[in-house]
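4 protein chains.
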Amino acid sequence: MRESTVHRLEPRTFYYTFGPNEPALTVKSGDVVVARTRDAGGFNEKMEPMPEEMKQRNDATLLCERNPQVGPVYIEEAEPGDVLAVTIQQIKLNREHAWSRHRSHFGSLTGEVPGKQLFLNEPVPEAKFDWQLDLKKNTGILELKSSKQKRVEIPLHPFLGSIGVAPRFGRVETSLVPGEFGGNMDCIETREDSILYLPVWVRGAYFSFGDVHAAQGDGELCGVALETTAEVTMKLDILKRKSIDWPRIEDETYIMTTGSGQPLIDCVRLATVELVKWLVDDYGFEKWEAFQVISQAGTMRIGNVVDPSYTVVAKFPKKYLPA
Amino acid sequence: MRESTVHRLEPRTFYYTFGPNEPALTVKSGDVVVARTRDAGGFNEKMEPMPEEMKQRNDATLLCERNPQVGPVYIEEAEPGDVLAVTIQQIKLNREHAWSRHRSHFGSLTGEVPGKQLFLNEPVPEAKFDWQLDLKKNTGILELKSSKQKRVEIPLHPFLGSIGVAPRFGRVETSLVPGEFGGNMDCIETREDSILYLPVWVRGAYFSFGDVHAAQGDGELCGVALETTAEVTMKLDILKRKSIDWPRIEDETYIMTTGSGQPLIDCVRLATVELVKWLVDDYGFEKWEAFQVISQAGTMRIGNVVDPSYTVVAKFPKKYLPA
Amino acid sequence: MRESTVHRLEPRTFYYTFGPNEPALTVKSGDVVVARTRDAGGFNEKMEPMPEEMKQRNDATLLCERNPQVGPVYIEEAEPGDVLAVTIQQIKLNREHAWSRHRSHFGSLTGEVPGKQLFLNEPVPEAKFDWQLDLKKNTGILELKSSKQKRVEIPLHPFLGSIGVAPRFGRVETSLVPGEFGGNMDCIETREDSILYLPVWVRGAYFSFGDVHAAQGDGELCGVALETTAEVTMKLDILKRKSIDWPRIEDETYIMTTGSGQPLIDCVRLATVELVKWLVDDYGFEKWEAFQVISQAGTMRIGNVVDPSYTVVAKFPKKYLPA
Amino acid sequence: MRESTVHRLEPRTFYYTFGPNEPALTVKSGDVVVARTRDAGGFNEKMEPMPEEMKQRNDATLLCERNPQVGPVYIEEAEPGDVLAVTIQQIKLNREHAWSRHRSHFGSLTGEVPGKQLFLNEPVPEAKFDWQLDLKKNTGILELKSSKQKRVEIPLHPFLGSIGVAPRFGRVETSLVPGEFGGNMDCIETREDSILYLPVWVRGAYFSFGDVHAAQGDGELCGVALETTAEVTMKLDILKRKSIDWPRIEDETYIMTTGSGQPLIDCVRLATVELVKWLVDDYGFEKWEAFQVISQAGTMRIGNVVDPSYTVVAKFPKKYLPA
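Chains as they are written, first to last, in the numbering used here: chain A, 2 to 324; chain B, 2 to 324; chain C, 2 to 324; chain D, 2 to 324.
One or more hints might be untrue.
The list cannot tell twin chains apart, which means a pair is met if one copy fits it or any two copies do.
Below, simulated BS3-like cross-link-like pairs (lysine-lysine); rule was C-alpha separation at most 25 angstroms, straight line [what the hints assert, rightly or not]: (1) 151 x 288; (2) 149 x 243; (3) 117 x 243; (4) 137 x 320; (5) 278 x 117; (6) 56 x 320; (7) 137 x 151.
It should be emphasised that the hints constitute simulated quantities derived from the structure, not laboratory data.
The structure presented is a predicted model; accordingly, all values stated were derived computationally and were not measured.
Assemble the whole structure, with the sequences as input and the hints as a guide.
Pasting the structure below:
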């Protein structure tokens with residue numbers, strides 16, 4: 002077995018899209034990538050804003066300046082039909098501050114996304130929230146100004162809000178969108194010690210990532226989590242010819258599938274169909290028996306209901322898999 | 002304080018609707034009701050089918066013969082604008098057998114409900130699954146016939162699949178439908194030691210219940226859980242003039258709200274808005290701070306995505322409430 | 002052939018629900034009913050409001066006081082599985098005034114219905130619009146107060162906004178809801194000289210109607226049409242054992258089917274499946290050829306996107322039917 | 002005024018995406034483009050299939066080989082914030098044959114799109130339908146093989162199924178998708194003598210088009226229209242700094258807006274909001290009066306309910322506009 006090369010990637014520019022963009026780094030299957038991410042608004046670990054020259058802009062094109070992505074990383078062995086296994090070895094928070102906000106035209110309770118005005122009533126008022134991160138206790142603290150409760154302190158569970166490859170069929174998607182390529186899934190499951198399996202749609206895979214969240218509730222309801230920065234360490238392995246249709250995740254307890262789309266029920270369906278396939282293909286379940294056992298012992302989590310496509314994670318406990 | 006009267010209700014007939022039907026029992030606020038339920042298909046604890054004369058049928062009307070309901074129970078003090086607090090004291094399984102099935106035109110992966118054919122392709126094939134319940138170990142066992150895995154044994158968590166009152170605005174709904182009146186929510190949270198708060202829409206409330214599930218995965222994906230029977234003990238208290246819009250649930254760990262409807266995203270929205278209201282009205286949170294804390298520390302669970310209306314439960318940890 | 006009896010019905014009370022309510026009139030198949038309707042807000046042809054004693058209220062129940070219904074009419078021959086053919090012989094407007102409005106929590110661009118708050122932003126402001134009806138010219142005139150355009154005059158096309166029977170499975174629905182029973186479909190196709198075919202779900206059918214609109218755009222977008230009153234003449238015929246699943250409509254040019262539900266795409270699907278069935282059952286089309294011809298030569302119209310269930314009408318030109 | 006240059010474009014390659022692809026032609030505002038399109042399956046006017054070397058493939062990328070696009074055409078004056086007005090001067094059918102089909106995983110009554118399996122039941126069976134086009138009578142004829150009706154002859158109304166520019170925010174979309182960039186809207190309104198207004202998102206606009214339909218019903222229900230070829234003549238004008246959010250269309254009778262997305266109700270909302278804006282910005286309507294008049298006198302048409310995003314067209318009669 003070849004020894005892993007560890008690549009420390011110091012991003013000089015950031016993309017706001019998932020696609021076959023100019024690679025920032027080329028690696029081999031089995032290599033490890035270490036990089037510091039910027040937060041969803043482009044700020045770094047010192048809260049310095051993104052310099053204009055770091056924004057990868059085709060100068061003739063409007064940007065959606067959310068979720069700047071580190072990368073892309075070109076993986077030499079990756080070909081369409083392969084799977085990229087991303088082992089998230091570490092997400093090391095490196096800032097004692099996270100912010101969240103309500104934006105006027107974003108979030109689950111306004112029903113709108115940028116460029117898509119659905120209603121005629123007044124939008125949600127803007128508001129910003131500053132969370133203090135206690136990195137030793139691994140908690141986030143919010144001082145409440147107008148409530149009886151004066152302070153909320155919640156445990157942190159850092160994860161990558163967006164992580165993905167170049168999409169299917171030559172598409173290029175913004176870093177605000179999740180899909181069959183991963184992307185902005187905003188799922189708490191893409192955290193330390195989990196493995197994310199991404200289908201490869203374009204030669205080289207074009208892997209990129211960013212948008213670290215220190216914590217987030219189910220659905221990311223207000224549209225914005227505890228936005229912060231981290232140093233991330235990931236191992237990238239190409240599994241040859243192991244076709245999957247949607248991103249899958251694995252941790253100690255569960256095998257998991259994701260489905261992203263609109264309407265929300267389709268996310269449930271996509272993830273469930275993919276989970277049935279997984280049980281059938283890799284674990285010897287008969288299709289309808291797989292569906293029955295998932296129906297009685299499976300769980301689901303709503304990743305996000307705020308991005309242009311929503312995301313649901315379907316989970317099956319490993320303890321019910323054959324040995 | 003008045004002593005509780007315990008009413009042992011032996012149902013002679015069963016309704017297939019939630020509405021102001023002829024009461025089977027009249028009680029006072031604070032009383033306790035004990036009754037044995039029949040399963041979703043009408044079978045009792047001895048697997049005897051429902052006799053025709055026990056089906057409450059306006060003889061000129063087609064029935065939807067699913068989820069026969071015990072009751073209704075008329076609560077003397079209940080008036081529109083009140084809340085009925087149902088403390089589920091015990092759900093005692095009394096049959097060592099549960100069944101599940103795939104039906105051709107029901108379930109999350111066919112997209113259809115009775116009387117609503119949405120597609121032209123062939124329906125899902127019918128299949129039935131027999132689960133053995135080990136009531137001592139509190140587990141359910143399914144023998145798999147066609148899979149590599151030969152047997153799955155899962156923990157039981159019995160709950161009432163349908164439990165509700167007469168709906169708003171003089172409506173009568175079938176026992177297949179959840180809504181602002183509770184009903185067929187198919188939420189695992191209506192279990193022992195939880196309190197269900199139901200808004201009262203009609204004088205007397207007309208409380209009824211049934212459809213015990215021994216276990217169920219999130220979403221009740223195939224449309225049918227581990228259908229069985231139980232002896233259920235519930236305490237009924239009327240809270241005067243404590244207006245709520247949707248059923249709420251409370252247990253040791255969470256305060257919870259439900260939202261039922263179509264499409265699924267609306268369930269998320271209804272439950273979230275109700276949860277914001279709860280934090281504001283009873284716990285002194287300012288509206289937008291409540292929304293922020295829910296967004297970061299709240300969780301959700303998909304109750305069902307198979308009934309004519311879907312149900313989502315939004316949860317907020319009690320540990321973040323003011324003392 | 003039996004001679005038609007013409008029944009002039011002078012309503013003394015009005016229901017706000019579709020269901021097996023106490024009949025106002027019993028007729029035989031083939032009879033004609035003539036009645037004056039009240040508008041959606043309960044006003045009569047003289048703009049007099051509904052007296053409280055005319056509102057059919059179970060005094061223990063909250064009402065949804067919209068769309069008061071004339072009836073129900075009990076048709077002696079009607080049994081579940083039959084079809085009630087309603088020939089709308091005349092809709093004679095009898096008031097020179099119609100009103101429309103925007104309500105805060107109703108309409109397509111707020112995303113909410115009574116009792117279902119989906120969003121946290123401010124609702125649409127209330128506004129009322131008075132349309133003058135020129136019954137000779139058959140036009141409606143609106144004076145605009147704040148626009149460059151000072152006046153709009155549009156042709157009238159009066160129709161019954163709500164018209165239906167008692168629903169399936171013993172349900173009772175409010176007069177705000179459309180469904181397999183007809184109801185508040187808000188479709189411009191239920192107008193003079195058309196025939197509405199309603200499936201009979203309960204013995205006697207319990208036919209009722211109201212909510213005349215002088216005109217309305219597709220979708221009834223703001224939630225309220227040109228609300229007015231009329232004298233309506235309809236012939237009621239029972240077609241024995243001619244099973245249909247959803248209301249159908251026929252005029253000189255089209256055969257039409259309706260589908261009501263949420264989400265909107267399901268309305269499209271329900272109406273299309275019903276139209277395929279009609280072509281197959283009554284006109285000798287093979288299923289997939291029927292679908293092909295509908296796909297290329299069929300049209301659709303969005304009836305409403307504002308009621309708790311939406312409605313779509315699918316249309317097939319009679320000229321492509323076999324002679 | 003500068004004289005129009007007429008460019009006859011003979012495509013040597015075809016793209017399957019909308020995006021800033023290598024231009025096939027550069028023109029000035031005011032110029033006219035004439036080109037022959039290939040059909041949705043890549044066949045030309047002689048029913049010759051697309052040679053592999055004509056498919057614009059990044060050789061490492063999977064293609065979605067539907068709707069090959071002529072172009073893109075780079076328009077020199079076009080900048081983000083401008084509008085491209087496409088006057089469709091002629092769509093001259095040049096083949097006496099059109100085909101349609103049902104595909105297993107596509108169309109409104111299967112609920113699936115390529116790469117997105119939503120259900121576990123059997124897909125719709127494949128079927129192909131050959132329509133003969135009588136270009137003199139301007140009709141399409143289908144022989145029915147299994148129906149009582151032996152033959153259907155319908156009028157033709159040729160239009161461009163897909164027509165658009167490079168999308169917003171640097172995205173690249175497949176030629177199967179409609180959106181704020183136009184694209185695969187499958188709307189019968191993009192026909193001869195209409196003007197399509199497309200927002201410019203990328204310098205140069207990158208206009209492309211194809212997928213001519215000889216006829217199509219509302220919704221394109223089976224997923225495939227009367228697929229054929231044509232010679233198309235279009236005049237391209239850049240309107241400077243005339244910001245619009247969604248494609249708009251104008252003909253002799255109507256001003257029209259489009260909305261594309263999922264779920265279908267959002268298409269209705271997007272198109273309606275855009276229509277309100279148009280009446281307010283260009284015709285002096287006050288916002289709520291505009292909404293009222295649209296609600297009573299506007300119509301809508303469902304373009305497609307089969308593509309990954311659906312499309313609705315909202316229409317307002319020009320006769321109600323100020324002179």
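Tested hints:
For a Cα distance limit of 25 angstroms, the shortest separation of residue 151 from residue 288 across copies, 14 angstroms, qualifies, whereas the shortest one inside one copy, 52 angstroms, does not. In this homomeric assembly, residue 149 and residue 243 come within 25 angstroms of each other (Cα to Cα) only across copies, at 21 angstroms, whereas the closest approach inside a single copy is 54 angstroms. Taking the closest pair of Cα atoms, residue 117 and residue 243 come within 25 angstroms of each other only across two copies (18 angstroms); inside a single copy the shortest separation is 37 angstroms, beyond that limit. Taking identical chains as interchangeable, the C-alpha atoms of residue 137 and residue 320 lie at most 25 angstroms apart only when they sit on different chains, with a minimum of 21 angstroms there against 33 angstroms within one chain.
In this homomeric assembly, residue 278 and residue 117 come within 25 angstroms of each other (Cα to Cα) only across copies, at 13 angstroms, whereas the closest approach inside a single copy is 35 angstroms. In this homomeric assembly, residue 56 and residue 320 never come within 25 angstroms of each other (Cα to Cα): the closest approach is 46 angstroms inside a single copy and 42 angstroms across copies. Taking the closest pair of Cα atoms, residue 137 and residue 151 come within 25 angstroms of each other only inside a single copy of the chain (22 angstroms); across copies the shortest separation is 46 angstroms, beyond that limit.
Checked against the numbered hints above, the structure violates only hint 6.
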